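Protein chains: 2
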Amino acid sequence: MTAPTHLPAPPSDRTRIRRIAENADYHRSTLHAVLDAAYVCQIAFVDDKGTHCIPTACWREGEHLYIHGSNGGRLIKLLAKGTQACVTVTHIDGLVLARSAFNHSMNYRSAMVYGQFEKVNDKASALDTFMRHLAPGREQQARPGSAKELAATTVMRISLEEAACKVRSGGPNDDAEDMNLPVWAGVLPMRSQRMAPVPDALSSAPAPDYVQHWAN
Amino acid sequence: MTAPTHLPAPPSDRTRIRRIAENADYHRSTLHAVLDAAYVCQIAFVDDKGTHCIPTACWREGEHLYIHGSNGGRLIKLLAKGTQACVTVTHIDGLVLARSAFNHSMNYRSAMVYGQFEKVNDKASALDTFMRHLAPGREQQARPGSAKELAATTVMRISLEEAACKVRSGGPNDDAEDMNLPVWAGVLPMRSQRMAPVPDALSSAPAPDYVQHWAN
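If you read the sequences in order, they're chains A and B. Residue 1142 is where the first sequence starts when you use my numbering, and the numbers rise one by one after that. Residue 1142 is where the second sequence starts when you use my numbering, and the numbers rise one by one after that.
It should be emphasised that the hints constitute simulated quantities derived from the structure, not laboratory data. Computed from a prediction, not measured in an experiment: that's the story for all the values here. Please note that a few of the clues may not be correct.
Pairs count within a copy or across copies, as identical chains cannot be separated in the list.
[As the list claims (entries may be wrong)] Simulated crosslink set (SDA-like; lysine to any residue; CA at most 25 Å straight-line):
| # | residue 1 | residue 2 |
| --- | --- | --- |
| 1 | LYS1218 | ALA1162 |
| 2 | LYS1260 | GLU1163 |
| 3 | LYS1218 | GLY1311 |
| 4 | LYS1260 | SER1241 |
| 5 | LYS1222 | SER1310 |
| 6 | LYS1222 | PRO1285 |
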């Protein structure tokens, strides 16, 4: 049974955060927000050549994280065997400058998901959801995948059942004896900025809403 | 022998990029630039509980990527055993909207490093380099690590010998028969934006150069 989104899910042995445990966050609403803010995740898995960590586009629907790829790609072929995977998403929100070198930190939101990927049968519907994640409405405008294109593509998903987030925000935590040191302390924030769209030179179609309102 | 930075290094069996191979980039200058633009990397490794993928702060010096952590942390303890690791850095530069759903893509710069981490003996010097990466000059201003703080910290590094980058830039690559479809095509760019510094409420020290010039 999936926990209600307003309640923390109990951590598993692998998702219980021990290091700086006060930054652990097991709320499903946090997990959803961290994943929904991402275009890309990193997937760790093992094959006969060793341990790998591959970035790939992702999107969430309900209690699963989705990826897609060419049938022939190493990642897809390995994951389709039921290989255990660990998926990570990380957003950096700022550098935290403390009065002492030791107490420097970063503000961040990260999510980690453990499990096995499974193939998704309704690929066209899942890829429409992906398109909506990138540009809401575009799934009605772009030429849909042909039978051949869909056949060459694999869509996979991993359950969010075994997952955890770690989140830090706010200013530096200095030691009491360092508080009067004459050194600037605070946060240098950063965020993902959306910049002015760059139309293809050969495209004369009008810019839809998600293009006109992209930049922030 | 390290290859000169203007020449591509030959890929290993693990770093030879097969999928969309035209995006592969084996130049050391590209590798350095991708790593230097990062504050955080993801490290994949295996222990007796499975495959993990953990984000952690990183910085480059010469032909090594460095990380640090508490002696007691799981990541540090495992890596100190000589566990094989795969380190990934990913920057997303834009969404590439093609005329067909199938040809949508993203612009990105990613780096992947395979190898084993080794402990660094001169921790104070390495951590000064880390501080310079975050805020050049601050290593002279913040209170340096005490003997106790340094003793509790492990600094590790991985050689950049077995590494590769994958980079995509530019507009959509549509099929010839789709070029006249009446759908907007182009790139929705994004970048990491530095925002106005947030001073600690209890800090009255003047803002140094790296704070005054942070926002862009």
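Legend entry - Up to 25 Å CA-CA - PRO1285 versus LYS1222, copy category: neither (29 Å within a copy, 50 Å between copies)
Inset, instruction - Have a look at LYS1260 and SER1241 and pick one of within, between, both or neither, based on CA distance no larger than 25 Å. - result: between (49 Å within a copy, 23 Å between copies)
Legend entry - LYS1260 and GLU1163: within-copy, between-copy, both or neither at 25 Å Cα: Neither: 36 Å inside a copy, 28 Å across copies.
Legend entry - LYS1218 and ALA1162: within-copy, between-copy, both or neither at 25 Å Cα: between (36 Å within a copy, 17 Å between copies)
Inset, instruction - Could you figure out if LYS1218 and GLY1311 sit no more than 25 Å apart (CA to CA) within one copy, between two copies, both or neither? - result: neither (42 Å within a copy, 29 Å between copies)
Inset, instruction - Go through the copies and call it for LYS1222 and SER1310: within, between, both or neither, with a Cα cutoff of 25 Å. - result: neither (39 Å within a copy, 32 Å between copies)
The structure fails hints 2, 3, 5, 6 (numbered hints given earlier, in ascending order).
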